[in-house]
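Chain order of the listed sequences is W and X. Mind the numbering: the first sequence is residues 0 to 409 in numbering that gives the first Met the number 0, read in order. Mind the numbering: the second sequence is residues 0 to 409 in numbering that gives the first Met the number 0, read in order.
None of these hints come from the bench; they were simulated from the model. One or more hints might be untrue.
It does not matter which identical chain is meant; a pair holds if it fits inside one copy or across any two.
Straight-line C-alpha distance at most 27 Å; calculated DSS-like pairs for lysine-lysine [what the hints assert, rightly or not]:
#, residue 1, residue 2
1, Lys143, Lys53
2, Lys53, Lys34
3, Lys318, Lys382
4, Lys382, Lys406
Number of protein chains: 2
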Amino acid sequence: MKAEIITIGDELLIGQVIDTNSAWMAGQLSLIGIKVAQITSISDSREHILTAIKEAESRVDVILMTGGLGPTRDDITKNTLCDYFGTKLVFNQESFENIERIFRMRGYNITLLNKAQAEVPENCTPLLNVNGTAPGMWFEQNGKIYASMPGVPFEMKALMEDHILPRLQAISSTTIVHRTILTQGVGESFLAAKIEAWETALPKHIKLAYLPQPGIVRLRLTGSGRDKAELESDINANTDALYELISEHIFGEGDDSLELIVGNMLKQHNYTMATAESCTGGYIAHLITGIAGSSDYFKGSVVAYSNEIKENVLGVSPKTIEKYGAVSEETVFEMAAGIIRQFNVNCAISVSGIAGPDGGTVEKPVGTTWVCVLTPKGAETRKFTFGEHRGRNIRRAALAALDMLRKQLG
Amino acid sequence: MKAEIITIGDELLIGQVIDTNSAWMAGQLSLIGIKVAQITSISDSREHILTAIKEAESRVDVILMTGGLGPTRDDITKNTLCDYFGTKLVFNQESFENIERIFRMRGYNITLLNKAQAEVPENCTPLLNVNGTAPGMWFEQNGKIYASMPGVPFEMKALMEDHILPRLQAISSTTIVHRTILTQGVGESFLAAKIEAWETALPKHIKLAYLPQPGIVRLRLTGSGRDKAELESDINANTDALYELISEHIFGEGDDSLELIVGNMLKQHNYTMATAESCTGGYIAHLITGIAGSSDYFKGSVVAYSNEIKENVLGVSPKTIEKYGAVSEETVFEMAAGIIRQFNVNCAISVSGIAGPDGGTVEKPVGTTWVCVLTPKGAETRKFTFGEHRGRNIRRAALAALDMLRKQLG
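Let the hints inform the model, and build the full structure from the sequences given.
Encoded structure:
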C-alpha cells in the first residue's frame, strides 16, 4: 500500500508554521508498512484541494489530509470533499454531542458556527475527535481510502492513533514490528563501522535505520512479515546480538531519555544529587528538572561561571586553578567534591570546558571538556574533545555527563 | 509571481527528518512578494521528480528544488534535470575549484565521486556553494525559472541568500520592506484587541502578521509596492504608532533575543549578575550562557531545588519559608539578596514557582510563580500565574524574569 499526505493551510505556505505533522504521520505509516510516496502542502483553495486529491489518487491507495476543518470561512475542506465525492453535508449526532461535551468543559456556549462543525459529508464515516470540535472523516471509494483530520497536532495524533492507523493496519496484510535502541556519545559512521558485519547479516525482512540527533544516535530495527510472534522473536534475537557488540554505547530504548533513566536510578537507590556546572551553564540542571517529580532526588546546582565562584562557593583551591587551569581534571574533581559538601547530597556531576567560540588554546582547543562524576559507587573523571559549535558542545557535554552518571549507578 | 518548492529525499517520506527547509524558503519568498502555491516532498526517484516538475510547471513561474545532489548513487537530481531539459552534464571549472578548496580545508583527498560533483547540466548557470561541494543550479526556459540546491539547510540558506533571492528580487517588479517587532508576556488575542484600531487603519499596502511562540509574539509588518524609500517611511511611521500603543510589551526587533539584549545592557553598565533559581531549574542560566562572551558579565547561578539549599546556600531565613512558603514574594526577595551576597554581583534574578504537574494548591495553583529582580537601579518582585504545562511554565517564567531585568536596566 502506498500513501500520500496532503496538508492544507495558508500558514504553511508563507513559512509561518513548519509542517511537523507530515513527518510524524509518515513515520507512523512507515511503521505499519505503508510507504509514503509524496507529501503535499497546499493553500485553503477549493480548486487547489481538488487538483491535489486528483493527482494523489492517480499515484496511491491511501490519501491522508490535515487542515481546513475549523469553524471559520477560510476552512473549506469539508465542502470541497462534498464536491469531490458528489455528496452533501449531513448532521451527525455523535459529533454534536462531542462538541457539546467540549464546550461544557470549557464553560462556553455553542454558537451556530460550532454546531455546523457536527455536519459531515454523507458518504463518510465520522471519527470521534476527543480533543477538538472537528470530527475526523474516513471515506472509501473505488478501492481507495481518504481520511481528513484537523491540522492541530494533538488532535491529529489522537485521531491517527485511535482510528486511522488501526483501520489501515487491519486492511494492510503486512505486520510490522519495531524496536529502537538509543546510543550516546558515538557518531553514526563509527557505529556503522562497528556493527557492519551484524548489519550485513540481518535477514531480509528486518531493516535498520540510523536516526541521529546531536549527541544521540537511535538505531531502529523494523521487521515486516505476516507472523507477529515470529517477527518479535527475530527482532529480539538480533537486538541481543547488537547489545553484545555495542552495549557500552546503549543507554536505553524507545522513548527513554538519559535524564529520566538517571532520575529513576537515583530514586531506586534513594540517592540525592546536585550539579556543579561551568561550561554547561545550568543546562544539566535544566534537563534534570524538566522531569516532573525530580525534586525527590535533585537538590540543585551551582553554576560557577568564574574562577571566584569555583573557589568561594564550591571551595576549589585557588592553587589548583592556578596550577592546572579551570578546565582540568583536578578542578572538576574539586568542583564535584565541593557541591557534595555544600549541598549535602550523595551524587554529583561537575563539568568545566571551553564551549567556544573564544577561549581555546593550542593545548586546550575549543570543545575541550572535563567531566567528573562522584557517587557512593565510585569516582570518575573524563576528558572529552567536542567540536567548534558552542550550542552543540553544551548539549554533548551534558549528555556525556549524564551517561557517565548512569553507568556509575548501573 | 508564484512559486512551488519541491524537496527531494527518502528521509522526508519515512518521517526521519522534518522538512524545515520549506518553511524557511517560503518565509523568504513571501518577504520578496513571491507567493508559494505548493510545497511538495518526493522520494529520490527519477519518474517522480519528472512528474513533480511537470505538475509544478503547469501552476507556477518559479520552481525551487532541494536535495538529491550528493555524491552517491541515490542522488539523481542532476541527471534527472538533464533528462527534463534534454541536455547533458558538462564539467564546470569554478565549481571544481570550490570543491578543491573545501577538501584542502578539511585535509582530505578528492575522489572521482567528488570530482563528478563539479559537473552540471549544460543549460544551467552554476551558483557557488561556499559551504559545500554541490553547486547550486539556475535554469530559465520558456519564461519559467528553475533552481536546484542541496538539502543541507546551511548550504541551501547561503545559496538562497547569496544568489537565488537577489536574482528573483531583480526579476520581480515588487519591492518588499519588512520590520518585525518582538513582544513578551502578552497573548496574541490580548495584543490583537489592544491594537485593533491601529491594525484596521493600516494602509492597504502594509500587512500585519502575528507570529506566536511560547512567551513571545512577533508582529511582522510587510509593505509591498514600488518605491523602497516611501515604503520604509510608511512602515516606520506605523511602527512608531504601534510603539505608542504597546511599548511596555516590546523588548526588541528582528533577530533580537532577551538574553542578548540583557547581556548587552549589563556590559554597557559594567554590571555583573547571577541567578537564584527554583522552578526554572537553571534554565535562565542556560539561556544567558548560550550567548558567546556571557562570562564577561554572568558569574553563575544557584539552583535551589529544595528548602535546605534556599536556606543553607542562599541564606533564606527558615522563618520566611515557614511563614510565607517557598513560593512567595518574601522568599524570592531573600533568594535574590542571598545570591548577590554570595556571588558578589550587582544584579540578580530569582524565581520560585510551581511548575507542575504536581504541587499545586487552591491558593497557589500550578503555574503560580514569583520573580524578583535586584539591580543598582531598583528592586522589583512580581507574581505570575502561568498555565498547567511544566515545560511551558519554565520557559514563560524565564522570559518574564529576563524581561523584568531588561526593564529595570533600561
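Verification of the hints:
1. Lys143 with Lys53: Both: 12 Å inside a copy, 25 Å across copies.
2. Lys53 with Lys34: Both ways: Lys53 and Lys34 sit 19 Å apart in one copy and 23 Å across, limit 27 Å.
3. Lys318 with Lys382: within (21 Å within a copy, 44 Å between copies)
4. Lys382 with Lys406: within (16 Å within a copy, 41 Å between copies)
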